[in-house]
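J.: Residue strings, one per chain:
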Amino acid sequence: NAGVTQTPKFQVLKTGQSMTLQCAQDMNHNSMYWYRQDPGMGLRLIYYSASEGTTDKGEVPNGYNVSRLNKREFSLRLESAAPSQTSVYFCASSGGSMGGNTGELFFGEGSRLTVL
Amino acid sequence: GQSLEQPSEVTAVEGAIVQINCTYQTSGFYGLSWYQQHDGGAPTFLSYNALDGLEETGRFSSFLSRSDSYGYLLLQELQMKDSASYFCAVIETGRRALTFGSGTRLQVQP
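Sequence order for the protein chains is A and B. Residue 66 in our numbering is what sits at position 66 of the first sequence, and the numbering runs on without skipping anything. Residue 100 in our numbering is what sits at position 100 of the second sequence, and the numbering runs on without skipping anything.
Take these hints with a grain of salt, some might be off.
Claimed, not checked - If you want the ones that stay clear, here's a sample from chain B, every Cβ over 12 Å from chain A, calculated:
| id | residue |
| --- | --- |
| 1 | Glu14 |
| 2 | Ile17 |
| 3 | Val18 |
| 4 | Leu32 |
| 5 | Pro43 |
| 6 | Asp52 |
| 7 | Gly53 |
| 8 | Tyr70 |
| 9 | Met80 |
| 10 | Ser83 |
| 11 | Ser85 |
| 12 | Ala97 |
| 13 | Phe100 |
| 14 | Gln107 |
Said to hold, decoys possible - What follows is a list of derived Cβ distance ranges for each label pair:
| id | chain 1 | residue 1 | chain 2 | residue 2 | range |
| --- | --- | --- | --- | --- | --- |
| 15 | A | Lys71 | B | Gly28 | 43 to 51 Å |
| 16 | B | Glu9 | A | Val60 | 33 to 41 Å |
| 17 | B | Ser69 | A | Gly40 | 39 to 47 Å |
Hints in this document: simulated from the structure, not taken from any laboratory. Predicted model, so just to flag it, every value in this text is computed and none were measured. Where is the CB? At the ideal position from N, CA and C, for every residue including glycine.
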């Protein structure tokens, strides 16, 4: 059982380049999330999708776009990468709307992005 | 808005008990979660408190007091493998996503 799968695991970009981080889950979860984590810090929410067809901004959405392609897949796009977007990006999923479930997120292994 | 405060670092010895505190300021939330993250790894879920009181899962316990805006994670019989970062997180009412604290780095020494 793969759980949450993110690709790529590592990526180096030049300032101004664009790229898309892919995320897929095989647990039939309704909700999916993108977080970023900078060294020595907690996770900050970029965007989330509470259900297929909906997306909402989190704490740090500027410079990012997302697409909930279907129930399984939730992608994160950087249109014009900046050095400030150097970070580790985590995708996560949960079984229901967060208000009703057990507070448990299932995380992917992370995508380590460096913008030069 | 919300704010979650945790100590940045805690050190303890193998076999000991350690408590990691989390205080929060939020207008309303559904519950408090705890996550563990080893260096280079992904966060993994440890526990969730929807109600006040103590929840026990093996060597780990978590506590919540809504009246005190306070919770903690208690780790007993510490092992070297418990060296990791620990994050508290809340699900705020009106937002269907977890908001994380900045994390506590636990170092377990022999």
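J.: Are the hints correct? Go through all of them and say.
T.: Now for the hints, and whether the structure bears them out:
The non-interface label for glutamate 14/B is consistent with chain A: the shortest C-beta to C-beta separation is roughly 25 Å, beyond 12 Å. With a cut of 12 Å on Cβ distances, isoleucine 17/B stays outside the contact zone with chain A, its closest approach being about 24 Å. For valine 18/B, the non-interface assignment is confirmed: its Cβ lies about 19 Å from the closest Cβ of chain A, beyond the 12 Å cut-off. Distance to chain A contradicts leucine 32/B as a non-interface residue, since its nearest Cβ pair spans about 7 Å, not more than 12 Å.
Non-interface status of proline 43/B relative to chain A is broken: a Cβ of that chain comes within 12 Å, the nearest being about 5 Å off. Against chain A, the non-interface label of aspartate 52/B holds: every CB pair exceeds 12 Å, the least being about 15 Å. Remark: the non-interface label on glycine 53/B is consistent with the geometry, its nearest Cβ contact in chain A lying 15 Å away (cut-off 12 Å). Against the 12 Å criterion, tyrosine 70/B stays outside the reach of chain A, whose nearest CB is about 17 Å from its own CB.
For methionine 80/B, the requirement that its beta carbon stay farther than 12 Å from each beta carbon of chain A is met, with the minimum near 22 Å. No Cβ of chain A comes within 12 Å of the Cβ of serine 83/B; the nearest lies about 15 Å off, and the non-interface call holds. With 12 Å as the threshold on Cβ separation, the claim that serine 85/B sits away from chain A is violated: the shortest Cβ distance comes to roughly 9 Å. Non-interface status of alanine 97/B relative to chain A is broken: a Cβ of that chain comes within 12 Å, the nearest being about 5 Å off.
With a least CB separation of 4 Å from chain A, phenylalanine 100/B falls inside the 12 Å interface cut-off, contrary to its annotation. Consistency note on glutamine 107/B: stated as away from chain A, and its beta-carbon is indeed over 12 Å from all of that chain's, at 14 Å minimum. The supplied range of 43 to 51 Å is broken by lysine 71/A and glycine 28/B, whose beta-carbon atoms lie about 29 Å from each other. The supplied range of 33 to 41 Å is broken by glutamate 9/B and valine 60/A, whose beta-carbon atoms lie about 25 Å from each other.
The hint said 39 to 47 Å for the Cβ distance between serine 69/B and glycine 40/A, and at roughly 25 Å that hint is violated.
The earlier numbered hints that this structure contradicts are 4, 5, 11, 12, 13, 15, 16 and 17.
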